[in-house]
Amino acid sequence: MISQAAAVSGEGASFLSQDDRECERCFALDGMIYDLKAVGVQIVESTCSVGYEQILNYLRKARAMIGIQFYCEPDSVVTINPINGPIEASETCTGGNPVLGTNDPGSSCQRNLEVINIGQAWRYAREAKRELKDIVLAISDTGVDMTHPDLVGQFWKNPKDGSIGYNFITNSIDVTDDNGH
Numbered sequence: 001m002i003s004q005a006a007a008v009s010g011e012g013a014s015f016l017s018q019d020d021r022e023c024e025r026c027f028a029l030d031g032m033i034y035d036l037k038a039v040g041v042q043i044v045e046s047t048c049s050v051g052y053e054q055i056l057n058y059l060r061k062a063r064a065m066i067g068i069q070f071y072c073e074p075d076s077v078v079t080i081n082p083i084n085g086p087i088e089a090s091e092t093c094t095g096g097n098p099v100l101g102t103n104d105p106g107s108s109c110q111r112n113l114e115v116i117n118i119g120q121a122w123r124y125a126r127e128a129k130r131e132l133k134d135i136v137l138a139i140s141d142t143g144v145d146m147t148h149p150d151l152v153g154q155f156w157k158n159p160k161d162g163s164i165g166y167n168f169i170t171n172s173i174d175v176t177d178d179n180g181h
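Take 1 as the starting number for the sequence shown in the numbering used here and just add one per residue.
Hints are computed from structural coordinates only; laboratory data are not their basis.
Keep in mind that a hint or two might mislead.
[Stated by the list, open to error] For lysine-lysine, the following BS3-like pairs were computed, each having C-alpha atoms within a straight-line distance of at most 30 Å: (1) Lys157 to Lys133; (2) Lys37 to Lys157; (3) Lys160 to Lys129; (4) Lys133 to Lys160; (5) Lys133 to Lys37; (6) Lys129 to Lys37; (7) Lys160 to Lys37; (8) Lys129 to Lys157; (9) Lys61 to Lys37.
Could you build the full structure based on these sequences and the hints that come with them?
Written as structure tokens, this is what we have:
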């Protein structure tokens with residue numbers, strides 16, 4: 001990436017470190033970069049000798065030289081930790097939730113919505129002045145109960161395959177909850 005840009009600009013690539021050259025070699029290998037064109041993201045799967053720090057340093061140089069935008073973090077295992085104690089309702093379950101700005105009668109009983117700051121997403125949706133059916137909200141979770149009365153008929157559907165989401169853990173379109181909540 002950088003060496004190609006340097007060659008085009010006539011600068012040469014003499015400023016590249018050995019780690020940078022190894023990054024470029026690795027990026028050229030099949031399976032190293034996954035291109036998620038639908039969301040404008042590329043995922044680098046480092047199966048080579050270069051690690052997170054080397055890739056991060058290389059991407060910083062690429063940003064300075066050719067203006068790429070990136071977010072880089074090491075691959076890590078994420079586990080779900082239990083919340084200490086029960087999450088209490090914000091108020092009695094008699095109406096909307098003023099903290100969230102909702103009128104859903106059940107939202108005052110769902111403190112979890114405050115915990116994940118869903119109110120901000122709802123504010124953005126209102127400010128967008130678009131039909132709610134045209135707004136797609138993506139939430140990372142352990143899954144969803146597609147038969148829940150609040151959710152039936154509310155899911156976005158992928159026009160290509162009819163799926164309602166993607167399970168990045170199982171690499172499938174099965175988004176049912178597998179964590180028991």
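Okay, the hints, checked on the actual structure:
| no. | hint | in the structure |
| --- | --- | --- |
| 1 | Lys157 to Lys133 | holds (11 Å) |
| 2 | Lys37 to Lys157 | holds (18 Å) |
| 3 | Lys160 to Lys129 | holds (27 Å) |
| 4 | Lys133 to Lys160 | holds (18 Å) |
| 5 | Lys133 to Lys37 | holds (23 Å) |
| 6 | Lys129 to Lys37 | holds (27 Å) |
| 7 | Lys160 to Lys37 | holds (14 Å) |
| 8 | Lys129 to Lys157 | holds (22 Å) |
| 9 | Lys61 to Lys37 | holds (24 Å) |
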